[in-house]
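*Asks:* Assemble the whole structure, with the sequences as input and the hints as a guide.
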Amino acid sequence: MLEFLFNPMHQGWIVQGLFLTVEITLFGVLLGLGLGTLLAIGDIYGKKPVKAAIAVYVEIFRGSPLFVQLFLAVYTVPTILNLQIDHAILAFLVFGLNSAGYQKGYVKGAMETILDDQMQAGLSTGMSKIQTLRYVILPQAYRIVIPSWTNEFCSLTKSTATLGYLGFMDLVGAGLAIKGSNYEILPVWIVIGAIYFVWITGFAKIMDVIYEKKRIPGVELAMQS
Amino acid sequence: MADFVMEARNVYKTYSIKKIKKGDAACNVPVKHQVEAVKNVSLQIRKGDIKLIFGPSGSGKSTFLRCMAMLDIPDKGEIYLGDECLTAPGADLNKARARIGFVFQHIYLFRHLTALGNVELALRQVLKLPKEEARKRALDALNEVKVSDCINKYPAQMSGGQAQRVGIARAIARNPDIILLDEPTSALDPELTGEVIDTLRDLAKEGTTMLIVSHEMPFAREVAEEMIFYDEGKVVETGPPSLFFNAPNTDRAKQFMTRIINRTTRE
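Chains as they are written, first to last, in the working numbering: chain A, 3 to 227; chain B, 358 to 624.
Take the hints with a grain of salt, since some may be wrong.
Derived CB-CB ranges, DEER-like [stated by the list, open to error]: (1) N367(B) x G111(A): 55 to 61 Å; (2) P487(B) x T81(A): 53 to 59 Å; (3) K216(A) x L484(B): 24 to 30 Å; (4) G551(B) x K216(A): 35 to 41 Å; (5) Y213(A) x T371(B): 42 to 48 Å; (6) F69(A) x T371(B): 52 to 58 Å; (7) E435(B) x G48(A): 25 to 31 Å; (8) H390(B) x A54(A): 24 to 30 Å; (9) C442(B) x P67(A): 55 to 61 Å; (10) D506(B) x V200(A): 45 to 51 Å; (11) C442(B) x F69(A): 55 to 61 Å; (12) G551(B) x Y213(A): 36 to 42 Å.
Bear in mind the hints are in silico, worked out from the structure with no lab data behind them. In this text, a Cβ means the ideal position worked out from N, Cα and C, and glycines have one as well.
*Replies:* Below, the structure is given as structure tokens:
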């Protein structure tokens, strides 16, 4: 039943798939955080047209299926523009842009809980708005965001399963390829599912530990509310 | 060379707040409400001056003080820091604020930094001091306000009085031209106000230029050269403490002083 696991070629596919899944999610979620932070700052401090543009951006990425976004980015747009770009890079960009749409909300929410007094305090010491964001607001906002960010990571990792059906060799792609070699399909998917489970749970646990470590001493639950 | 360390000329500030109009419980409508917090206020401060603004709560004292530091931008009028007009277009407000110390009523320490980190941050980022020098100056400032025992504590681990003294250290560490203090003791337990007042008294002895919003009357009497009675967005009366403690000219000030002195003696 599990003999496919002992086939070196299949092992290779699974390792390759895991590698792609991990790579795309990690880079995607980090790009999402960086871009989401810029969007959050733009949404708080930007002029009306900036805010409107950000709102349109967020609604497009939140409101349409990831599958459609991926399909357009990987197949349609490069064909129209006649571009030769690595599919993995395009997929990674789509996940980052998509995740930014969600993460903007988390970061903005976290910033708003601390912005009022901490920004004034920063400005009063002679720091600029940007310095205060960099040294005072964001270090605190990122601490608050860690649990939401962990959820985003879990959710994004599973969203990458779409890639297999678009011809990528991610974990699901590896599963599909093994299935093609006439194995019983259920054990294959159970093994693939277990790999996702271990990776996601392990990473989430690490984030939980980081969250505890980064807790501001003396501030118990107040920061989370 | 300007005569004044800081000067406010005919400053106005109105802000709007949303008030819930009580009506049908199901449809309370927020109504915009204009507050004229500062109406044509002028003030001059010379080097070494200690001036104290007092008056009923909600009269706009804090807004005026925040206008002085350009944390609120006045609608009209000018703020001068030395020769520099801060309300002029293109004025470098960050640079100006680096020369003004500000102490907040609700303290507003950076919550993710230790006492030392709170004081050091602007020394490093604004004055661009090298690490060792910033540390030394921060420690000196913390020492001066007598909180050397909690340099490694975070704001949430300090008492209100300690935190406010760290707030004062953060304001003085840059050697500002003037320190603005917005009711520095009113958010503290009565037991803790004493230690903050002692710190302010020390600063006064050193000749620090200060503009303080406060109702600590014994302290005012002791250190203030001038007291400014502020009500409904205006300066109602100014004079030395002796004037207010004996016989203020305006009825409004008389009334207010009577109430404050009664309260103080009852305590």
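*Asks:* Now, for every hint given, state plainly whether the structure supports it.
*Replies:* Status of each hint after checking the structure:
Checked against the hint of 55 to 61 Å, the C-beta distance between N367(B) and G111(A) comes to roughly 41 Å, which is inconsistent with it. Checked against the hint of 53 to 59 Å, the C-beta distance between P487(B) and T81(A) comes to roughly 56 Å, which is consistent with it. In this structure the hint that K216(A) and L484(B) lie 24 to 30 Å apart at CB holds, the actual value being about 28 Å. Checking the proposed 35 to 41 Å range against G551(B) and K216(A) shows it holds: the Cβ atoms sit about 36 Å from each other.
Range check, Y213(A) to T371(B): about 44 Å between beta-carbon atoms, so the 42 to 48 Å window is met. The beta-carbon spacing between F69(A) and T371(B), approximately 53 Å, falls within the hinted interval of 52 to 58 Å. Distance hint check for E435(B) and G48(A): the Cβ-Cβ separation is about 30 Å, which falls inside the suggested range of 25 to 31 Å. For the pair H390(B) and A54(A), the supplied restraint of 24 to 30 Å holds, since their beta-carbon distance comes to about 28 Å.
Between C442(B) and P67(A), the C-beta spacing of about 57 Å keeps the proposed range 55 to 61 Å intact. The given range of 45 to 51 Å is respected by D506(B) and V200(A), whose C-beta atoms sit roughly 48 Å from each other. Taking 55 to 61 Å as the suggested C-beta distance range, the pair C442(B) and F69(A) conforms, at roughly 59 Å. Between G551(B) and Y213(A) the C-beta distance comes to about 39 Å, which sits within the given range of 36 to 42 Å.
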